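Asks: These protein sequence lines map, in sequence, to chains S and X. Its first residue numbered 181, the first sequence is counted upward by one per residue in the working numbering. Its first residue numbered -18, the second sequence is counted upward by one per residue in the working numbering.
Quick caveat, the hints were computed from the structure, so don't treat them as lab data. Please read all numbers here as calculations on a predicted model, not as lab measurements. Among these hints, one or two may not hold up.
Mimicking EDC-like on lysine to aspartate or glutamate, the simulated pairs with C-alpha atoms at most 20 Å apart in a straight line are [what the hints assert, rightly or not]:
#1 226/X / 64/X
#2 -9/X / 409/S
#3 493/X / 364/X
#4 287/S / 76/X
#5 323/X / 387/X
#6 -9/X / 330/S
#7 242/S / 321/S
#8 385/X / 432/X
#9 493/X / 572/X
#10 606/X / 526/X
#11 400/S / 411/S
#12 75/X / 491/S
#13 399/S / 409/S
#14 -9/X / 321/S
#15 323/X / 364/X
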Amino acid sequence: MKEYTRYLTNGLRLRSEESRNHNFHLDPMLLAPLLCIVGIGLAVLYSAVHQDLSILENQSVKLLVGFVAMTLAAWLHPRVYLRFAPVLYAIGLILLVAVFLFGTTVKGSQRWLDLPGLPRFQPSELMKVTVPLTVAWFLHDRPLPPRTIEVGIALLVAVVPAILVMLQPDLGTAILVVSGGLLVVLLSGVRWRLVLAGALTVVSLIPAYWYFFMNEYQKKRVFTLFDPESDPLGAGWSIIQSTTALGSGGLLGKGLFEGTQSRLEFLPESHTDFIMAVIGEELGFMGVVTLIILYVLVLARGMHIAVQSGDTFGRLAAGGLTLTFFVHVVLNIAVVSGLLPVTGAPLPLVSFGGTSAIAILVGFGIVMSIHTHRGWR
Amino acid sequence: MKVIPGRQIKNTRAEARAFLVRAWTLFGIAVGISTILVGRLFQLQVLEYEYYETRSEHNRIEVQPVAAGRGLIFDRHGVLLAENRSVSSLEIVKERTTNVVETINAVRGLIEIQESEIEAFHRRLARKRRPYQSVALKLRLREEEAAVIRVNGHLLPGVRVSSIAARHYPLGEVVSHAVGSVRRITVDDLNRLDRSQYAATRYVGRRGIEAFYEPVLHGDVGYRRVEVDVRGRVIRQLELSPPVKGGDLKLHLDSRLQILAYNALGDRRGAVVAIEPGSGGILAMVSRPSYNPNLFVSGMTVQEYRSLNSSRDLPLFNRAAQGQYAPGSTFKPIVGLAAVSKGVTSWDETIVDQGWFKLPGQRRIFRDWSWTPEDAGGQGIVDLRRAIYRSSNVYFYDLATRLKIDALSGFASQFGLGSDTALDVYEAVDGILPSREWKYGVRGEDWYTGDTVNMGIGQGYLLVTPLQLATVASVFATRGQWKHPRMLFSRDDPSLNSTQSPPPPISGPSQKDWELMIGAMEEVVHRGDRGIGGNGTAWSYIGRDIAYRMAGKSGTAQVVGINQDAQYDEAELNEYERKHAWFIAFAPSDDPVIALAVLVENGGGGSSVAAPIAREILDAYLLPKIASNR
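Take these sequences, add in the hints, and give me the full structure.
Replies: Structure (structure tokens):
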């Protein structure tokens, strides 16, 4: 038992040179931009909820839990993740099925799970972390680049939970779950020919998806993307108000707490999916670009850690988690700035919401663990 | 390292190299996508900033018109004739209700709501509107209804009571034809009116003073810039340019006299117009039947409106200014004055009235009112004076024939007949003062002498309004020095205190002619106790126990032609074919302070029906003055 504990946690033991910066196995270069993002996020969230302290406290507590969870995740040895990835995946699938069967419905989507003794949470958010880990687990001891059949299995790992998420329905998260698997597959060195073929297949399937699987309201969202003025009080409302908020912020913004679009509630979902528009309105182009740069710094550090990792699982997991996070960011900003149809995707670490933030921080805890446990076998 | 038989051996170093390339390639793609996003944000926030800035301001800032308070209307003694009252309506904000139908049912449990109101509500609700915009369910809440809703407000989320200022006429139907009324602005009104001025206005003057002085009463619209949230709730006011209240109007109308005249007419159809001769001010203008002007403000049911609009008695019709009737014998003093001033006759000349008149060479008989089939009528020997107080038709048949149409028509036009001389009576009509040109123009026929004979007793083509006849009485009262009749007494704005020059005095009659004619008109009322044929026509009805000298003239205007040999029999005629009763008068006759005309439609004899009404009004106006002078 003692041996087992050491096996799991030997990174914690203080070793003179290697672990000077690794007392908690946190990576300062990754932690710094994350903290900056969270800081900006909390300030803007406070504004977006009309300076309601209780909501700010609520989110702060969740973020604190997230950072503690991140520390714990960083403290655990990567081999724990390697070993338990399939178990986590199985649990995640079970939870998603549970959501499907007896989840809580909020605003027309059945996404939440109320388990006794636990705060309400979204299992789909956990899948954003679990899927890259599981695909990395699946590919880590196979000769890379993977064979087509292996790629197929890897994608299946991603697609099965994604379908469950899509049924909630939550297209945004489903896309992120799929892209979590997809990105790991891409990182595994799958041949570009195969990538191209896959991409073409997906494109050719779009019309079928359009006719057979998309709801009327989803189609309408796509149409309104191109012509929001066709229904300014209905489907076009979000896009119009969001671009108006961004654009009216100008270079330097209207000032924190001074955004009229959010303060007067023209901007819907201003504290969740559209919080980027609040940042743009109140902090301007400069504020938005600063935030994007912080996200890119996170990405760069995550990719650096992945490249530095000595083993396949570490490389794939760190790279996959980091890239998934970034796709998350891109998807949100593209929606808010009117480049993609509205697909409920929160802005990572900024939008109000506990499960997403905790899942992301845990993900980065794993990335840090991969980095700070280098050479510990 | 695991070795899988039959497969390539995992080459860790090659994989690490390949991963390096792959990872940074994907990183590059990610940075590229980020650049696209930044570019898009640059486009929105820097290049198109002004567009979105404007849009955001447009969202947040609303310029709301603020209605000016409508000017009040007072009578000459400061009695309020038209005021503004707060009226509440019930509105529902659908987004705040859990279920609109349930909310309406809950409201119905508290106050009465008609099915038609619910239908109208759903029609309004179906129209495109901003989120959180309220929709009216019931207009015109009674005070207790508004109170019930307010008290139960916490049980009715999304239900609210809002108030606007609405016109109210304290005297109701008594003054409706004089003061007029307002009505809800229609699309047609907006096309005619200045849209920005009326942006916040709900009612516009429709009739009477309300319509005539609409620009004055309306005032100037104000504006306020407010910040609103997405629900249209005003968060704060940024700027206010206040409205300018409409001007208050003081009318010549004497509401006491108006009420009296209204009651004196009773349920009869008819009109009374009283004028202050010195100023031309209209002291009373009554038309019956009348309508309740408040119904036009609060709205009425279709049935109510239909019955008002289609009643045979025409309650919406202002008989005083728009009703055109033959003046009958009330026209005779004008004919007489025309004749003496043209030298066609003199005050001494007499004729013999046997009760009928014939033009030379014609068979048609023109009768006196006293004519009987037994040929027993006639006033005997008559001069002009007697012809007035006995109202001899034969005398005026003869006189008009000798005077001829051109002289008669020209002289009569000086009294304002055939034209609207009132300064501010809404839609007053001209009446008809016939002449050769008129008849040729309208009928394409030449003027016959027979036409002149009829016109001599105020029949034929001649048509006047009660307002015009009251003006005639007023002109007699001032001995030809007259003023345009008007409603407005005064207003702060001097531009309204008319600069219009008074009409020229009547030319022709000498001072003596005026006094003799007025003397004859006094005899109509005061000459009594001389037996039938000796008394003034009105004496037996109004001439006794009179505390002042009154000059008057009765008139009984035929509505339908009577056959040459038949006698007019009231009982045989249907109500609407009976004669109209007229009486014009002014008093005190030496220094008149009031002149009036009374018309009772299909009322019968002027002296018997209209004169007592005139006496009642004059008594009410003069007796207090006489008492206070003593």
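Asks: I'd like to know which numbered hints this structure contradicts. Please list them from smallest to largest.
Replies: 2, 7, 12
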